[in-house]
Amino acid sequence: MGATALAPLSSTGELAIKPLFTKGSASSLRALLAIVVMIGLIFISLYTDWLKPIRQPLNALVVPFYEVTDVPRRLGDWWRDTFVSRSDLQAENEALRTELLIHQRKLQQMAALAAENVRLRQLMNATGMLQDKVLVAELFGVSPNPLSHTVWINRGSNEGVYKGQPLLDAFGLMGQVIEVTEQASQVLLISDPTHALPVQVNRNGVRAIAEGTGDLNRLRLRHVSNTTDIREGDLLVSSGLGGRFPVGYPVAEVDTILRDPGQPFATVIVRPMARLDRSRHVLLVFDSREVTP
Amino acid sequence: MFSQRTTYLLLFSLTLVLAMLLSVYPLPLALRWWRPEFVLMMVIYWIYTAPVRTSLLGLCVLGFFLDVLEGVPFGQHGLSLIIIAYVCILSYQRVRNYSVGQQSCWVFVLIGISQLTDNWVQAISGRPVSGLEFLLPAFASACFWPVCYLGLERFGRRYRIAG
Chain A
1 MGATALAPLS
11 STGELAIKPL
21 FTKGSASSLR
31 ALLAIVVMIG
41 LIFISLYTDW
51 LKPIRQPLNA
61 LVVPFYEVTD
71 VPRRLGDWWR
81 DTFVSRSDLQ
91 AENEALRTEL
101 LIHQRKLQQM
111 AALAAENVRL
121 RQLMNATGML
131 QDKVLVAELF
141 GVSPNPLSHT
151 VWINRGSNEG
161 VYKGQPLLDA
171 FGLMGQVIEV
181 TEQASQVLLI
191 SDPTHALPVQ
201 VNRNGVRAIA
211 EGTGDLNRLR
221 LRHVSNTTDI
231 REGDLLVSSG
241 LGGRFPVGYP
251 VAEVDTILRD
261 PGQPFATVIV
271 RPMARLDRSR
281 HVLLVFDSRE
291 VTP
Chain B
1001 MFSQRTTYLL
1011 LFSLTLVLAM
1021 LLSVYPLPLA
1031 LRWWRPEFVL
1041 MMVIYWIYTA
1051 PVRTSLLGLC
1061 VLGFFLDVLE
1071 GVPFGQHGLS
1081 LIIIAYVCIL
1091 SYQRVRNYSV
1101 GQQSCWVFVL
1111 IGISQLTDNW
1121 VQAISGRPVS
1131 GLEFLLPAFA
1141 SACFWPVCYL
1151 GLERFGRRYR
1161 IAG
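Chains as they are written, first to last, in this note's numbering: chain A, 1 to 293; chain B, 1001 to 1163.
Wrong hints could be hidden among the right ones.
Claimed, not checked - Just the calculated beta-carbon pair ranges, DEER-fashion:
1. B:Ser-1013 - A:Asn-158: 25 to 33 angstroms
2. A:Ser-225 - B:Gln-1102: 54 to 62 angstroms
3. A:Pro-72 - B:Arg-1154: 20 to 28 angstroms
4. B:Ser-1130 - A:Ala-26: 36 to 44 angstroms
Unchecked claim - Which stretches of chain A does chain B cover? Using the computed rule of at least three CB atoms under 8 angstroms from a CB of chain B, they are:
5. 28 to 34
6. 48 to 60
7. 69 to 82
8. 142 to 148
9. 197 to 211
Worth flagging that the hints you see were computed from the coordinates, not collected in a lab.
Quick caveat: nothing in here was measured; it's all calculated off a predicted structure.
A virtual CB, placed ideally from N, CA and C, is assigned to each residue, including glycine.
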């Protein structure tokens, strides 16, 4: 590593006694040059796509770091699964059976409703909707950067995951895939400040854009005028207008609305339905293109 | 057994990998700002222990890898590493004579500088930070420094790494 050392080296490679009054101007110059290069790189990677091909293969190198740090959690899970008591298992089984029964009842109704929906859509000459194909994934890493909300999941291009693919948990929309490697992929959550998605109010179909705020429990609706019919407690579902997220998945619930007549737009704070900081098992949704019946 | 250079490289990479593992270890949400900058602390320690072995190119490569590891724009970590390394190289003769407490304060300043540049990059990439909480990692690092320093010093003494 000595070739580019910052400190002065004597000809034999041993440490020379540092002269007190002469500055190492060469090393200062080199450091300055490196700083300028780094700043240039920052702007290049922020505003162009030139460095994307370099990042792609390197991502596969960093996945093991996240996998190793996930080992204690997996050991804990294994310990809990292995040494669980019989009565606990029975109680859990009972609860799950009850839940299944409730869901099956809802599903029976759903089949009739879905058929009716298709018939009505045919009457209106509208397009029918396809059932979405999903893939179960598990979360194994969280971005260490406190400002960015990204997570790693254990499915990659080997399973057909692609960039821009939506991610759900059992309660609502979570985010979209931004980086894919063979074994794993990185997901940007909807609460990230750089993320926004088109939504609509489930009650009346009013459209809006939900922006991340950097807070896991808050999103903000953009450009909602003061007179818009939107109430606290309204459910927001994805509208599918961006062409990226499928239609009709719950996104958030309206939390507070501040209507200030002096401001051009109302401030609408909504709370994501998905448990962004708790869900470990998530669903990847595959392309749900609408087809004409 | 090994030459001094090999021992240095081995120890350096070993502690570095450990620091990188710690720096991606998942933390509860409330504690996210309190994670010390382990990799930077390692780099600071090794620069003060062996300033002549510090390589600008090595730091750049390390910075790149950290950028991919944390998923931030290329150059963010390289920038802060180079600035810190430069300050360390200029000051190592003085800082080596500091007590551990004084060193902690100095580490707070160094990591504070790195947080400034890091958050500048984050802000222009669309994730602005408000308030002074961006200094929390520097504070956490300063608190953790004595443990890190005394632990590594035992290794350094045993394998006689200096330069």
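Hints and how they fare:
1. Distance hint check: the CB atoms of B:Ser-1013 and A:Asn-158 are about 30 angstroms apart, consistent with the given range 25 to 33 angstroms.
2. Taking the beta carbon of each, A:Ser-225 and B:Gln-1102 are about 59 angstroms apart, inside 54 to 62 angstroms as hinted.
3. Distance hint check: the CB atoms of A:Pro-72 and B:Arg-1154 are about 26 angstroms apart, consistent with the given range 20 to 28 angstroms.
4. Our hint of 36 to 44 angstroms for B:Ser-1130 and A:Ala-26 holds, since their Cβ atoms are close to 41 angstroms apart.
5. Beta-carbon proximity to chain B at under 8 angstroms applies to 4 residues in the region 28 to 34 of chain A; the threshold of 3 is reached and the given coverage holds.
6. Coverage of the region 48 to 60 of chain A by chain B holds. Counting CB-CB distances below 8 angstroms, 5 residues qualify, and the rule asks for three or more.
7. Under a criterion of three residues with beta carbons nearer than 8 angstroms to beta carbons of chain B, the stated coverage of the region 69 to 82 of chain A is upheld, 3 such residues being counted.
8. For the region 142 to 148 of chain A, the assignment as covered by chain B holds, since 7 residues bring a beta-carbon within under 8 angstroms of that chain's beta-carbons and 3 suffice.
9. Closer than 8 angstroms: that is the beta-carbon criterion, and the region 197 to 211 of chain A has 0 residues meeting it against chain B, so the requirement of 3 is violated.
Hint compliance for this structure: hint 9 alone is broken.
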